[in-house]
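Chemist: Use these hints to put chain B onto chain A, whose structure you have.
2 protein chains.
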Amino acid sequence: MSYSFVSHLYCPKCAKTYSSDALINTCTCGAPLLVDYDFESAKRMFTKENLQTRKPNLWRYHELLPIKSVEHVITLGEGMTPIIDCKTTAAKMGLKRLLIKDEGQLPTGSFKARGSAVGVSKAKELGIDELAMPTNGNAGAAWSLYAARAGMKSHIIMPKDAPSITRQEVYIAGSDLRIIPGLISDAGKMIAEEAPLKGWFNVSTLKEPYRIEGKKTMGLEIAEQLNWTVPDVILYPTGGGVGLIGIYKALKELQKMGMIAEDKMPRMVAVQAEGCAPIVKAFNEGKTESEFWNNSVTSAFGINVPKALGDFLVLDAIYKTNGCAIAIDDETILADQKEIAEHEGLFVCPEGSAVYTATKRLFKSGWIKEDETVVCINTGMGIKYPETVYLPEFEG
Amino acid sequence: MSYSFVSHLYCPKCAKTYSSDALINTCTCGAPLLVDYDFESAKRMFTKENLQTRKPNLWRYHELLPIKSVEHVITLGEGMTPIIDCKTTAAKMGLKRLLIKDEGQLPTGSFKARGSAVGVSKAKELGIDELAMPTNGNAGAAWSLYAARAGMKSHIIMPKDAPSITRQEVYIAGSDLRIIPGLISDAGKMIAEEAPLKGWFNVSTLKEPYRIEGKKTMGLEIAEQLNWTVPDVILYPTGGGVGLIGIYKALKELQKMGMIAEDKMPRMVAVQAEGCAPIVKAFNEGKTESEFWNNSVTSAFGINVPKALGDFLVLDAIYKTNGCAIAIDDETILADQKEIAEHEGLFVCPEGSAVYTATKRLFKSGWIKEDETVVCINTGMGIKYPETVYLPEFEG
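As given, the protein sequences belong to chains A and B, one line each in that order.
FYI, in this note's numbering the residues of the first sequence are -17 to 378.
FYI, in this note's numbering the residues of the second sequence are -17 to 378.
It should be emphasised that the hints constitute simulated quantities derived from the structure, not laboratory data.
Some clues are possibly wrong.
What the hints assert, rightly or not - Computed footprint of chain A on chain B; a stretch qualifies when at least three of its residues, placed anywhere within it, have a C-beta under 8 Å from a C-beta of chain A:
{"#": "1", "segment": "24 to 38"}
{"#": "2", "segment": "64 to 71"}
{"#": "3", "segment": "151 to 160"}
{"#": "4", "segment": "320 to 326"}
{"#": "5", "segment": "357 to 368"}
All values reported here derive from a predicted model rather than from experimental measurement.
Yeah, the Cβ is synthetic: ideal placement off N, Cα and C, and Gly gets one too.
Pulled out of the complex, with its shape left as it was, chain A reads as follows (with noise of 0.2 Å):
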C-alpha cells in the first residue's frame, strides 16, 4: 500500500498543475503551489480505526501527506499536540467550551516545527543539500534543526530585532546565519537574489508547497481530537497565515473523504497586531488581497509580517466561512500573556495571547456566542520571548 496518496500541485490562481516528482518554488504566474491527494483511495486505509492505534506524531496522517517513501521522514516526534480545556476562563467569560491548542509542546517550543518537518523530509526526497529561508524567529530555529538532522546545509538570514533565543537555536544546529537589519521582507529579498546564484532551495513561506502540508495537521488534529467533529470558532495568529490556510485545507480534505460533516465549517479568525494588520485592513475593506503595511511594529514578532505571499487564501478561507479578523493592541497582549498563565497554568507566546484577546473581544461583541466552542492556537511558548515578559526586581 502506498505510504502517499499524493497525486500532483496546483495553482490555487491560475489552475495550471505541476508533478509532484519535480523540484518547484512556486507557479510560473508567481502564485504559491498547493498540493493535492487521491482522497478515493486514501480513505481505504485513511480511516478512523486506523487512525487510533497509530503513533501520536502527525506521520500518523501519512497518507495525506507529500512524502511518498517513509525512509525520506525526518522526525523529532512532532505532532498531536494537546488540546487544553480552559474551563476557569470559559467559565468567567460565560463562553461554553474554550480550548486552546497548545502548539508550545513541539520539537524546538513553536508550530514552526510541523512545516518544518514536512518540508525538509519532502526536500531530503526530491534530492536537495543545500536550503535558505529568511526568518522572524522561530521558522529559522525549526528548519534549521531539521536539516541538520537530515544532514543538509541551511542558510538563514534573521532580522536583528528577532528573539534571541532563536538566533541560538540556528547558530547551535551549525547554520550559516546573517543577522541583517530591516525586517524579514528585506531577509527575504535577500535569499530571493542569492538562492539561485548559489544553488540553494528557497523554502520561504509558501515559496515551496510543502510547509503549508506540514501546518495541515493542526487541523486534521483538531478533528481526530474533538472525535472528528470541528469547532465553531478557530482563531490563528496571522503572520504569513499558513497555519490558517492549512487548517482549512485539512478541513476540506476531511470533508471530501467524509470524515466530517460536509455542513459545518468553523468559522476562521485571522488574529493581527494593531502595529502589523494588513489582513485585517483588506477584510475590513472587503478585499481579496491585501496591501503592504509600511512601518510594521509588535512585540508578537511572529505575526511582523507586512505583506503575506498567500494573503488572498487567508482572506478567502475567512470569507467562506463566514469568519472575520481582528487586530489587537500590544499593551493588552502582554497584560493578556500574565492572565492566561494565572488562570490556565499555560505561558503562551504574544501570538497566543493576542488570539486570547481577540476571543473575549469577539465575545463580548456578540459575534462568538454562549453556546459555542472556540479553538484558540498558541503557536508557541511563551519562554522562546523573554524580553516581552516584565520581571520585577526580587529581593532575598
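Modeler: Chain B only, in chain A's frame:
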C-alpha cells in the same frame, strides 16, 4: 471500576506504612515515602490492549497513579514524549541503537512537568490550598504553573544563579517568588522553617510522596514505546535523582504485573557534573549514601544538588541493576550540546548533553557494548538555559 489502584504509602528505610488519604510529607524516621498499589486488581484494567487506544499523555497510566478521582486531575496534556532514534550518532560511535527520550517536549519545556502534574493533582485531592518549594528553576516553573491551573497559591524560593527564564515562568504564574543568594539547599532550609509556620504544604523533592509517581511515568512510557521491552542501559542526569528512582520503580511495577520480562532490568546510570558529583563519589567508594558536596558548581544547573534526600534509593537502583555513576566536566558538556544539535537536530539542555557524553565515554571504555540499546534521558530544552550557549557576534 477504580481510577487508581493506590493501596498505601510505605517507608523504604524503616518499612512503616501510612494511608494514602492522609496529608503527609516524610516518614517519622525522616526518609521519603513511596506509594504502593494493588497490582493484582490493577492488571485487569491496565492491559497492553486497553492502553493502545488511550490518549497520548501520562494519565493513560492512571491505574498506577495515586489520584483516586479523575476530577482532581490537573493536566496540560503532559506525557508520551517521543523517543528519538539517533542513527547518525549511533553509526559514528559503532553502537547498535542510541535513543534519546526528549522531555523538552513537555509543558514548561522540562521533565519537571510530570512530577508537578501528579503532585499538584494529588495535593488538590487532599485539599491543599498553598504549597511551597525551593527550586533550581525548572521545578519551580512547572509547579507554579500547575498550581495556578489548580487554583492554588504557590511560594517559591530560587537561588539567584538559577536560569532567568525560569524566574519569568514563576512570576507570570502569579506565584510568590523570592530570589536568594546561595544554593538550593539554602532555599530548602528556608522553606522547611517557614512552611509549617504559615500552613504551606512543603513539596520539596521527596518531601512529599507523589512527585516521584509522576516521574515514574518516564519508565512506563519507555517500556510501552519499546513495545514492552526494556533497553540495556538507561542514563539519567542526576541531581535529586527522583527520575532515576521513578524509572526503576516503574519497571519493577511492570514486572510485578507481568507486563515486561522478569529476568531483565536496564543497567541504570547516574550522570553528574564534575563540579557536583556526590552520588559518583559514593558509588566509587561503594557506599550506600552520599555526603554533602561542598562548594558545588556546574553550568548544568538542574543537577547542582549537593546532597539528595533520595541518594540511598538512587544508589540502591544502581547497585541492583549493575549500573554505575559517572561525572562529566562542564567544558565537554557544552561542546557536546552543539554536537548533538548538529548531528541529530536536537537542542538538548546541558544535563541532557552530560548524559550523551557519558554514553560516549562508557562505550569507549567497553562498559556499554556494541550490540546494546541505550536510552538517554534529555530532561529539558536547551533554550531554557540560553546563558550556557556561546553565541558569536553576527554581522549583516
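Chemist: Against each hint, give a clear statement of whether it holds in the structure.
Modeler: Here is how each hint holds up against the structure:
Residues of the segment 24 to 38 of chain B lying with their CB closer than 8 Å to a CB of chain A number 3, which satisfies the three-residue condition for coverage. Note: the segment 64 to 71 of chain B has 4 residues with beta-carbon separation from chain A under 8 Å; the three-residue rule is met and the coverage holds. Counting residues of the segment 151 to 160 of chain B whose C-beta lies closer than 8 Å to any C-beta of chain A gives 7; at least three are required, and the coverage claim holds. Residue count for the segment 320 to 326 of chain B with a Cβ under 8 Å from a Cβ of chain A: 5. That meets the three needed, and the coverage hint holds.
Only when three residues or more bring their CB closer than 8 Å to a CB of chain A does the claim for the segment 357 to 368 of chain B stand; here the count is 5, and the claim holds.
Of the hints listed earlier, there is not a single one the structure fails to meet.
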